[in-house]
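Number of protein chains: 2
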Amino acid sequence: MNTQNRITQIFKIQHPIIQAGMVWCAGWELAAAVSNAGGLGIIGAGSMTPDILKEHIQKTKNATSKPFAVNLPLLYSRIEDQIDVIIKTNVPIVFTSAGNPSLHTSRLKEAGITVAHVVSSAKFAKKAHASGVDVIVAEGFEAGGHNGKDETTTLCLIPQVVDAVPIPVIAAGGIADGRSMLAAMALGAEGVQIGSRFVASLESSAHEKFKHAVVTANEGDTELTLKELTPVRLLKNEFYQKITTAYSLRANKDDLAALLGKGRAKLGMFEGDLNEGELEIGQVCAAIHEILPAGEIVRKILSEYENLGGQKLGGYFDFKATK
Amino acid sequence: MNTQNRITQIFKIQHPIIQAGMVWCAGWELAAAVSNAGGLGIIGAGSMTPDILKEHIQKTKNATSKPFAVNLPLLYSRIEDQIDVIIKTNVPIVFTSAGNPSLHTSRLKEAGITVAHVVSSAKFAKKAHASGVDVIVAEGFEAGGHNGKDETTTLCLIPQVVDAVPIPVIAAGGIADGRSMLAAMALGAEGVQIGSRFVASLESSAHEKFKHAVVTANEGDTELTLKELTPVRLLKNEFYQKITTAYSLRANKDDLAALLGKGRAKLGMFEGDLNEGELEIGQVCAAIHEILPAGEIVRKILSEYENLGGQKLGGYFDFKATK
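Those protein sequences? They're chains A and B, same order as listed. Residue numbers for the first sequence follow this note's numbering, so the first one is 2 and each next one is one higher. Residue numbers for the second sequence follow this note's numbering, so the first one is 2 and each next one is one higher.
Derived by calculation from the structure, the hints in this document are not laboratory data. Any given hint could turn out to be false.
For identical chains, the list gives no copy identity; a pair is met inside one copy or between any two copies.
[Claimed, not checked] DMTMM-like mimics (lysine to aspartate or glutamate), calculated; alpha carbons at most 25 Å apart, straight line:
hint, residue 1, residue 2
1, Lys110, Glu81
2, Lys110, Glu229
3, Lys150, Glu224
4, Lys128, Glu224
5, Lys254, Glu277
6, Lys228, Asp255
Only chain A is shown next, with the shape it has when bound in the complex (with noise of 0.2 Å):
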């Protein structure tokens, strides 16, 4: 099997799936799981401090000796700290999200670190590309967490991104198995960008009450809310009702800030708080029935995917080569 692509290559990976570097569920243990069963493991700091976020990449590197890679939200607060740890201790690959790739994608490229940014649109996807990223993470509206406002869905989304933009797509939001890995490659995706599934691993350092609430939720139990603030993909719980309680009373954008308040989201994964926590997690968690070590994960999703046929076109699709 042609396990090459570009995806593949730029990384300098195994295979072309990408463990989303999801806020308090992604830490070095499920970064480096997913980097040694031959995926892309990232660490999400987005929810650590700099001196935090160094801790994790040392124990990164004593892990695995393969490629991994930091998840940036562009937003954070003290970013420029960030991005000096992220060049001092030499990592190769970062994803950078929520805010303008073109802040900071020069410094990061000049350091030689390889760039890719998440959008939800083919029109950012342009924007990003012209920033200078060299990966492009198009995310539909399935996809946990936040999310874009015009709500187009994975499936709309990668085949309008792919003719956008000459750099390699990974798709994201959706995707947690071998059908959905090879729909997602079929539209013309490099590669898959995975976070609920890998939010239900054993490495994952959701809380354990979290990982449960993900693998018993059911379909329609989550909902993009909070689209006056920053649209959200969360899995209705009382803080959920509470939400629907303040639409209800007609609350304004103050009224949600307030409601919203801060930490929810500690309090909610890694705290295990599954009241009054908020519980970011995709559609397609409906679909997740256990919770596997993340090395599995890879290895079943890529079974499933060769099973389905993936092997008989070629290993993964080279969309650019057979449009």
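Chain A is already provided as a structure; the job is to place chain B on it using the hints.
Leaving out everything else, chain B in the frame of chain A:
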């Protein structure tokens, strides 16, 4: 190339491409053109009186010797009269939607008619299967027109529906080319139902102005709205802006129903009032750029599907066989 699977066998068609039976856009000319090209053409009865439906069925029969279907929204006020016409004119296939399939499926089946039912969740797919339908159409959040409350996207929906029922599943929502067809088949669908792309066909009965609006729409130009009434995905026009204003003024359900009034779908899609009409279309309209003959659309999608690898996979995916 193996061009048979359960969908082509059940419907006795050449290719598993189904044209959605869209209100105001899918008359006999479109249905006959798609059936003549080897797909399944569907007459949209939702905008027809029983007499007009009878006329469209007769004209379809005059224009093609191949199988065709009628789409029947189950909430239609003269549903019994519609079913009388369908049975008396020997329509071979009926697609039911927007209602409870347990009410009319047995009558249709007793008349020897093949029945497909449109759902938006695995839960409703199981109910439809229990009511005796032959085929499930699973329609995602990105689809145009009326839609489910769970907002599950096609990428997340199809694998869950395929796993929930033993009967074949047709994917709907977000499909407009060979890439998205291949993605849907990779997810386990055995056919695709395509709406928006056929609105923009020569034979569609949509007004020329609406067709033009569809092929010039950009990403983010549709939204699922009026969720308090029946959720519907609309192209953003002046009427949509009025809905947005109503929401900002904290309109309730009655206010929204009054604003919607009656006859806006006909006004917009059939009579071409792009300002005041209700313009039902899918998210994928952003990827549709030309108005083509319906038969050419079928051939183009098939050709793209085969070039992408559908052929290498032994024709149409048979997910059940490869799982």
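Checked hints:
1. Only within a single protomer do Lys110 and Glu81 lie at most 25 Å apart by alpha-carbon distance; the minimum there is 15 Å, versus 67 Å between protomers.
2. In this homomeric assembly, Lys110 and Glu229 never come within 25 Å of each other (Cα to Cα): the closest approach is 34 Å inside a single copy and 48 Å across copies.
3. For the identical chains of this complex, Lys150 and Glu224 are neighbours both inside a copy (14 Å) and across copies (10 Å), given an alpha-carbon limit of 25 Å.
4. In this assembly of identical chains, Lys128 and Glu224 lie within 25 Å of each other by CA distance solely across copies; the values are 24 Å between and 28 Å within a copy.
5. Taking the closest pair of Cα atoms, Lys254 and Glu277 come within 25 Å of each other only inside a single copy of the chain (20 Å); across copies the shortest separation is 30 Å, beyond that limit.
6. In this assembly of identical chains, the alpha carbons of Lys228 and Asp255 lie at most 25 Å apart whether taken from the same copy (13 Å) or from different copies (24 Å).
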